[in-house]
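S.K.: The chain contents come next:
Number of protein chains: 2
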Amino acid sequence: MPTYTAPTQDTQFILHDVLNVSEATTPGYSELERDFTQAVLDEAGKIASEVLAPLNAVGDAEGCTLENGVVRTPAGFKAAFDQVREGGWTALDLPEEFGGQGMPYLMGTAVGEMFSAANQAFTMYHGLTHGAASAILAHGSEEQKQTYLPNMFSCEWTGTMNLTEPHCGTDLGMMRTKAVPQDDGSYKVSGQKIFISAGEHDMADNIIHLVLAKIPGGPEGIKGVSLFIVPKFMVNEDGSLGARNGVSCGKIEEKMGIHGNSTCVMNYDEATGFLLGEEHKGMRAMFTMMNEARLGVGMQGLAQADVAYQNALIYAKDRLQGRDVTGDKNPDGPADPLIVHPDIRRALLDQKSFAEGARAFILWGAQLIDRAHRDGDKDADGLISLLTPVIKGFLSDEGFDMTIRAQQVYGGHGYVEEWGMSQFARDARIAMIYEGANGVQALDLVGRKLAQDGGKHVMAFFDMVKTFIKENEGNEALATDFLEPLKKSSKDLQAAGMYFMQNGMKNPNAALAGSYDFMHLFGHVCLGLMWAQMARAAHEALENGASDEKFYRTKLATGRYYMKRRLPATAMHLARIETGAEPVMELEAEAF
Amino acid sequence: MPTYTAPTQDTQFILHDVLNVSEATTPGYSELERDFTQAVLDEAGKIASEVLAPLNAVGDAEGCTLENGVVRTPAGFKAAFDQVREGGWTALDLPEEFGGQGMPYLMGTAVGEMFSAANQAFTMYHGLTHGAASAILAHGSEEQKQTYLPNMFSCEWTGTMNLTEPHCGTDLGMMRTKAVPQDDGSYKVSGQKIFISAGEHDMADNIIHLVLAKIPGGPEGIKGVSLFIVPKFMVNEDGSLGARNGVSCGKIEEKMGIHGNSTCVMNYDEATGFLLGEEHKGMRAMFTMMNEARLGVGMQGLAQADVAYQNALIYAKDRLQGRDVTGDKNPDGPADPLIVHPDIRRALLDQKSFAEGARAFILWGAQLIDRAHRDGDKDADGLISLLTPVIKGFLSDEGFDMTIRAQQVYGGHGYVEEWGMSQFARDARIAMIYEGANGVQALDLVGRKLAQDGGKHVMAFFDMVKTFIKENEGNEALATDFLEPLKKSSKDLQAAGMYFMQNGMKNPNAALAGSYDFMHLFGHVCLGLMWAQMARAAHEALENGASDEKFYRTKLATGRYYMKRRLPATAMHLARIETGAEPVMELEAEAF
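Here the protein sequences come in this chain order: A and B.
Using the working numbering, the final residue of the first sequence is 592, and nothing's skipped along the way.
Using the working numbering, the final residue of the second sequence is 592, and nothing's skipped along the way.
I should point out that these hints are in silico values taken from the structure, not numbers from a laboratory.
Any given hint could be a false lead.
Remember, identical chains collapse to one label, so a pair may be satisfied in a single copy or spanning two.
[As the list claims (entries may be wrong)] Heads up, simulated BS3-like pairs for lysine-lysine below, C-alpha to C-alpha not over 27 Å straight-line:
1. Lys506 / Lys564
2. Lys223 / Lys329
3. Lys329 / Lys506
4. Lys564 / Lys488
5. Lys564 / Lys487
6. Lys145 / Lys78
7. Lys491 / Lys564
8. Lys378 / Lys223
9. Lys188 / Lys178
10. Lys506 / Lys188
11. Lys564 / Lys466
12. Lys470 / Lys281
13. Lys281 / Lys223
14. Lys487 / Lys281
15. Lys470 / Lys78
16. Lys470 / Lys46
Model the full assembly from the supplied sequences, consistent with the hints where possible.
M.R.: Written as structure tokens, this is what we have:
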């Protein structure tokens with residue numbers, strides 16, 4: 001049975017040594033003193049390890065069941081959900097006005113990683129509620145906020161997002177779900193939505209569905225889509241629950257993973273809905289949440305990679321198999337532990353250097369979101385908008401790959417379900433798909449974000465890298481090991497961007513054919529930057545005589561590994577990008 | 001529900017246009033005329049598509065069940081097994097003396113790919129029997145051959161390989177299963193073996209287990225391991241079945257995939273066994289089969305990649321989503337098919353160029369095995385011995401990655417089990433693990449095979465590449481698109497080999513730290529060589545006015561894609577290799 005230990009020391013290092021959060025002027029940040037965040041993370045880590053992690057395999061094995069319209073979640077989920085909810089964890093970073101704790105989004109992200117690593121399927125129930133509540137918070141009327149938010153913040157009611165239909169996912173302009181206006185200002189919503197996570201379950205008194213639908217007579221395509229609140233049970237004026245609404249779960253999908261989360265086909269049959277935000281502006285309302293939702297999915301990639309790594313490491317230290325070629329390390333035992341073998345270390349260091357770099361990337365991204373929202377910082381908003389597809393696409397791709405490496409350390413034991421390594425891989429797989437499949441992220445990055453605001457944000461990113469290198473070039477401890485590889489990889493990224501500029505105007509396919517490679521190239525440069533920043537912080541800590549010398553020395557060695565062994569991927573991605581459209585486009589569809 | 005179409009035209013192209021098999025002097029090859037192989041492949045393809053493929057999802061959903069010691073295979077498996085067996089497919093390439101069809105191993109491999117693509121879990125039942133029968137053929141006494149082979153060739157009895165124990169897989173020297181000599185020359189075998197594919201099931205009258213065990217008092221470690229034949233039912237002198245032997249299935253493992261194959265814990269309790277080959281030479285007997293078994297696993301990687309690709313392609317042509325950025329391709333429809341999008345094409349071409357390159361690699365490898373066995377060609381034997389870990393490790397890694405890409409084309413539909421794409425990925429995953437996990441393949445390649453016979457075989461490989469480039473350098477159609485990238489990538493491979501030579505003597509870890517990258521680097525060069533050879537053959541066919549011009553033109557475009565977009569990986573692998581031991585070895589185990 002796998003275990004999970006919250007990475008509190010590492011999170012604290014990033015928050016305080018790298019991001020210096022408590023010195024930031026963003027509202028709410030001054031409270032994030034080291035002791036305070038330590039206390040929050042300790043408590044969250046305890047729940048993750050002791051309450052959520054033990055239910056992870058249970059959720060996978062039992063899954064959710066639908067009987068007579070009622071969905072039953074796996075044994076133990078409801079009690080754990082009550083515990084999480086009662087601890088106030090479901091609205092940690094939501095406003096106090098409606099019962100939240102009012103902490104920065106940054107803290108919600110740090111805690112979210114822990115819960116997600118411990119039990120992704122479980123954490124999605126309140127994660128989606130968080131998203132739906134945020135949408136109502138941003139676009140709802142005062143009455144809607146009063147009606148729904150307090151119970152959604154506390155997760156006594158949960159929320160869902162309904163976008164996909166059987167014939168359309170990415171291309172939502174084709175949707176068929178209709179919302180017909182009624183005399184009382186409400187709408188009758190009819191249609192079928194699929195892949196609705198937490199669409200129906202037994203852990204909450206009510207479920208508040210946010211549903212995209214078209215109002216008949218509105219504009220064609222995506223411009224005619226509106227967003228509606230469709231509660232499972234109608235809410236009376238006094239806040240009590242009324243009649244069952246015309247929405248029901250038609251089926252639970254059998255999936256590759258996240259079995260503990262009920263993925264539902266939802267049927268809307270003249271269900272009463274209430275317009276959220278403006279008519280035909282439904283996509284805009286949805287997109288308000290997109291940066292957070294996609295950062296959350298990138299975080300899931302990190303989370304599964306980290307828990308899988310933790311268990312692979314335990315196994316590699318424990319399992320005796322073969323001998324160190326340079327001399328026995330466990331001469332009194334029948335064999336040496338796996339971790340003596342260079343290729344096992346290669347697999348472990350790929351995972352470790354990814355997870356720690358990704359954690360810094362995610363937390364920095366969360367800080368940018370706080371700056372955008374709490375400071376109204378437009379530059380931060382533009383930068384996170386640019387980085388969002390990289391965070392989502394690169395971290396979920398790499399996160400999945402890392403779970404595969406972790407599984408591989410177990411040999412045959414990794415393939416049988418008993419050891420739990422298969423579940424990490426199967427659960428991690430979904431992050432590459434939902435909230436916009438990673439190919440769509442790459443398209444968003446290259447087709448939209450790069451040129452956004454005249455390319456201002458990508459220039460700001462390059463400036464950041466350049467400034468960092470310049471500020472530290474006198475630091476010999478960083479120069480060869482960190483600054484040089486960062487410079488080289490960032491030049492590859494610039495060259496790729498240049499290639500797109502020069503060729504993409506004439507032929508957009510010349511850029512789009514390289515979009516996936518560009519997303520990965522960008523991701524590596526970001527992680528390279530994170531590692532350079534972490535290395536600087538670690539050096540400073542060592543120079544200042546930090547007590548936990550071992551932690552900082554390990555941090556530096558792990559960073560050197562990333563710079564030396566992972567960053568060389570950027571040149572390959574550039575080489576692919578520079579082959580342009582032809583290799584990808586020349587074949588007729590019929591010739592495939 | 002996924003479908004499968006046998007790649008007969010492509011296999012024929014490789015056999016006849018590239019490998020020119022019927023002109024080879026290897027015994028049995030002259031019979032492999034184009035019409036003959038077409039007939040065999042057509043028939044095999046029909047069984048694969050019509051009998052095996054429809055049972056693939058059934059096997060996955062039902063799995064195998066153990067009740068009162070009896071294992072039930074999924075519905076339909078037994079009838080299909082009878083059909084395959086009655087068609088003579090289970091001993092296509094085994095000697096006629098015991099009822100086989102006597103064809104070259106090459107043909108067994110070509111057919112094996114089809115069966116495996118259609119239903120990997122099913123095909124393992126007779127695949128393992130093939131392996132066990134080959135071991136008896138190579139090492140058995142005349143009496144053992146007469147007793148077991150006819151029924152094993154026809155799969156009325158199936159076979160298994162028993163190596164792994166709970167505490168040891170790779171490091172078999174630690175095994176605890178014992179074989180105590182009896183007065184009648186037999187042995188009493190006791191112990192527990194795990195991960196025994198097809199260990200117990202209901203499709204055959206008898207199961208012939210080949211079991212590795214130690215004879216008490218023999219040498220320590222791996223040098224004291226012997227191989228035994230342990231039948232489920234004893235075989236009487238007249239060939240009829242006698243008493244049940246002391247072997248039973250204790251448990252069926254729950255696995256990530258290949259659910260249709262029963263993966264058993266096998267308990268041996270003073271079971272009667274018969275020595276196969278010599279005492280304490282059990283590993284040697286096992287290793288006789290290793291090249292074939294590992295080539296077979298590499299082939300499974302190709303097979304799952306190909307069937308997944310076929311279905312992704314169908315979906316990409318069928319599913320309407322979004323518009324071609326350069327202008328609508330389906331103006332009368334609500335959207336364009338997925339295949340108009342550059343990134344979808346990138347994913348499809350990665351798969352297509354891998355599958356076709358891998359098919360050529362596998363078939364060339366099978367031809368080398370035939371040369372080694374049928375011609376007694378020591379150079380061929382040395383070369384396939386060198387290439388075996390590359391075929392196994394690289395093709396199973398890449399094959400799995402390609403199933404992930406295929407699954408991704410489906411978006412959310414790829415994650416639900418209904419569409420079958422998840423199964424391809426879950427089934428393909430095992431090939432990276434069994435028959436020696438891929439890290440062990442990399443170790444075998446770098447630690448053993450590279451230097452074998454004084455490095456003669458790797459030099460022969462480089463000579464082959466050089467000769468091919470030299471012979472074709474006047475061919476303008478090949479020069480830029482194929483020969484240049486092949487030359488470049490093969491230089492990367494040579495540089496990596498040189499690095500190992502110069503640094504590995506002083507510190508073996510300097511080579512082993514790069515072993516996994518070397519395996520992939522080598523794999524890409526092999527596929528590059530295959531593509532260059534296929535391109536030459538396609539050009540020749542076009543110059544000779546071949547009727548199916550479209551096939552050859554597509555072949556060339558697919559090859560150009562591989563050379564341009566995939567081969568640049570070699571430089572990255574070289575860069576990683578040249579970082580040596582330090583990044584991998586510097587951290588103490590405790591510091592991870």
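S.K.: Each hint needs a verdict: does it hold in this structure or not?
M.R.: Outcome of the hint check:
1. Lys506 / Lys564: Answer is between: at 21 Å across copies they meet the 27 Å cutoff, but 37 Å inside does not.
2. Lys223 / Lys329: between (66 Å within a copy, 22 Å between copies)
3. Lys329 / Lys506: between (61 Å within a copy, 19 Å between copies)
4. Lys564 / Lys488: Result: close both inside a copy and across copies, 12 Å intra and 22 Å inter.
5. Lys564 / Lys487: Both. Shortest intra-copy (13 Å) and inter-copy (26 Å) distances satisfy the 27 Å Cα cut-off.
6. Lys145 / Lys78: Within. Shortest intra-copy distance 26 Å satisfies the 27 Å Cα cut-off; inter-copy 61 Å does not.
7. Lys491 / Lys564: Both ways: Lys491 and Lys564 sit 16 Å apart in one copy and 21 Å across, limit 27 Å.
8. Lys378 / Lys223: Classified as within; 26 Å inside a copy, 70 Å across copies.
9. Lys188 / Lys178: within (8 Å within a copy, 74 Å between copies)
10. Lys506 / Lys188: Cα proximity of Lys506 and Lys188: none, with 47 Å in one copy and 77 Å across.
11. Lys564 / Lys466: So Lys564 and Lys466 pass the 27 Å test inside one copy only (20 Å; across, 31 Å).
12. Lys470 / Lys281: This pair counts as neither: shortest intra-copy Cα distance 45 Å, inter-copy 64 Å.
13. Lys281 / Lys223: The answer is within: 7 Å in one copy meets 27 Å, while 74 Å across copies does not.
14. Lys487 / Lys281: neither (43 Å within a copy, 56 Å between copies)
15. Lys470 / Lys78: neither (53 Å within a copy, 70 Å between copies)
16. Lys470 / Lys46: For Lys470 and Lys46, neither the intra-copy (42 Å) nor the inter-copy (66 Å) Cα distance is at most 27 Å.
Checked against the numbered hints given earlier, the structure breaks hints 10, 12, 14, 15 and 16 and satisfies all the rest.
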